[in-house]
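J.: Each chain, written out:
There are 2 protein chains.
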Amino acid sequence: MSTGTVFGVGLGPGDPDLMSVRADRLLRGARHVAFFRKAGRPGQARRIVDGMIPDSAEEFPMEYPVTTEIPLTDPRYNEVLSAFYADCTDHLRGLAEQGADIVVLCEGDPFFYGSFMHLYTRLKHQIPVEVVPAITGMSGAWTATGAPVTWGDDILTVLMGTLDEDTLAARMGDADALVVMKIGRNIDKVRRALRAAGKYEDAYLIEYATMPNQTVQLLSDAEGKVTPYFSIIVVHGQGRRP
Amino acid sequence: MSTGTVFGVGLGPGDPDLMSVRADRLLRGARHVAFFRKAGRPGQARRIVDGMIPDSAEEFPMEYPVTTEIPLTDPRYNEVLSAFYADCTDHLRGLAEQGADIVVLCEGDPFFYGSFMHLYTRLKHQIPVEVVPAITGMSGAWTATGAPVTWGDDILTVLMGTLDEDTLAARMGDADALVVMKIGRNIDKVRRALRAAGKYEDAYLIEYATMPNQTVQLLSDAEGKVTPYFSIIVVHGQGRRP
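The listed protein sequences derive, respectively, from chains G and C.
As numbered in numbering that gives the first Met the number 0, residues 0 to 241 make up the first sequence, in order.
As numbered in numbering that gives the first Met the number 0, residues 0 to 241 make up the second sequence, in order.
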């Protein structure tokens with residue numbers, strides 16, 4: 000019996016119609032499906048593939064042992080997560096060694112700020128692993144704004160809202176086009192940094208890009224708004240255009 | 000008769016299997032297909048959809064009147080291109096007003112450094128225009144390297160090789176993860192800037208990402224190499240990883 004393959008399948012921004020033809024085929028033929036989720040939640044990745052994966056597929060939810068309960072700066076954070084990823088890896092490798100192909104659901108693009116990379120780096124020297132790239136959440140977000148994000152020689156900078164305020168402000172100031180991800184509870188800090196960089200008035204807030212509940216608004220029209228972690232802020236570049 | 004729609008359809012990095020389900024459906028049902036190309040060439044976008052679009056589809060090649068014959072800094076460059084985009088727009092609007100839907104082929108993602116945006120901004124207040132996002136060329140490139148491009152709080156910077164050397168070097172120095180596009184004849188300048196930023200040894204050169212002739216190599220192993228304009232250079236971030 001030959002060893003199975005772990006497929007890290009990018010699901011894209013959320014609309015199943017925007018998945019790749021390859022992802023669609025792998026999902027509809029899947030016999031083993033693994034996905035990350037917060038304990039006690041259905042999981043956004045799993046929800047995106049509702050009605051796509053066969054009823055007969057064996058599902059393996061991988062529940063994060065911690066999300067925001069331990070600060071990132073606490074050494075225990077990395078210890079706990081590292082043990083978690085090692086457990087997930089053991090399970091997936093066990094299945095593959097029994098000959099099973101496993102589809103791991105990845106929101107967005109697997110190699111772009113995705114959790115799958117923590118499995119990938121542990122598995123890639125042990126068993127076959129393939130990565131199916133996808134439309135990023137930020138592509139979904141800038142498309143939703145109805146305006147191109149980069150023109151000509153614009154420099155695009157992608158920042159995480161988890162960075163400290165000074166770093167955010169400095170890098171926002173340098174950027175032509177700008178994407179900020181991981182917003183959620185970081186939104187007030189991100190607002191202050193955008194103001195300091197002179198880009199606040201031009202910033203758009205996109206929630207649930209490409210999904211039925213998608214919203215697009217100027218950030219300045221969303222004062223005081225509570226927004227999900229996976230919201231995205233976009234500032235469009237203004238480069239050369241004939 | 001109702002006005003038709005212009006669809007700006009992102010084709011992704013080149014592998015038809017990585018097109019979105021929506022793009023695949025629009026292409027296979029297309030009755031009018033428009034695409035940019037250099038005069039006298041088949042055109043890369045058109046080549047990607049070989050065998051996908053119906054034989055009966057009416058094709059409208061839009062041939063750039065100029066690519067590198069006039070320098071970007073010459074005012075005539077913008078004038079010539081502006082007239083060209085206006086002509087293309089007139090033709091597409093004429094078709095749509097006769098009730099036709101038109102698929103415009105876009106390499107990569109239409110709103111990310113794409114030529115389609117020049118048609119989009121001219122058409123969007125006149126007739127219905129829809130944009131189908133796609134996997135970017137850079138996603139195809141970093142997936143081809145077999146390593147995640149961004150971890151944790153890494154800052155991603157996307158630079159065009161057409162920028163001046165000092166700007167390139169300064170922004171490369173600030174970046175955690177780095178993508179450089181529009182390489183081609185800019186490669187020697189890009190190499191010098193990467194060296195000045197201390198990132199030369201970590202840079203990968205990806206040609207024809209996701210296509211049958213894909214190559215991936217360390218840039219330092221490709222000394223003296225002539226590489227296409229659409230080659231991509233990737234430097235991976237080294238951020239937090241449990």
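Source of the hints: derived by calculation from the structure; they are not laboratory data.
Be aware that one or more of the hints could be misleading.
For identical chains, the list gives no copy identity; a pair is met inside one copy or between any two copies.
Only pairs whose alpha carbons sit at most 20 angstroms apart, straight line, appear in this in silico EDC-like list of lysine to aspartate or glutamate [what the hints assert, rightly or not]:
(1) 181 <-> 152
(2) 188 <-> 206
(3) 188 <-> 152
(4) 37 <-> 201
(5) 123 <-> 89
(6) 188 <-> 23
J.: For each hint given before, does the structure comply? Return the numbers of the non-compliant ones in rising order.
T.: 4, 6
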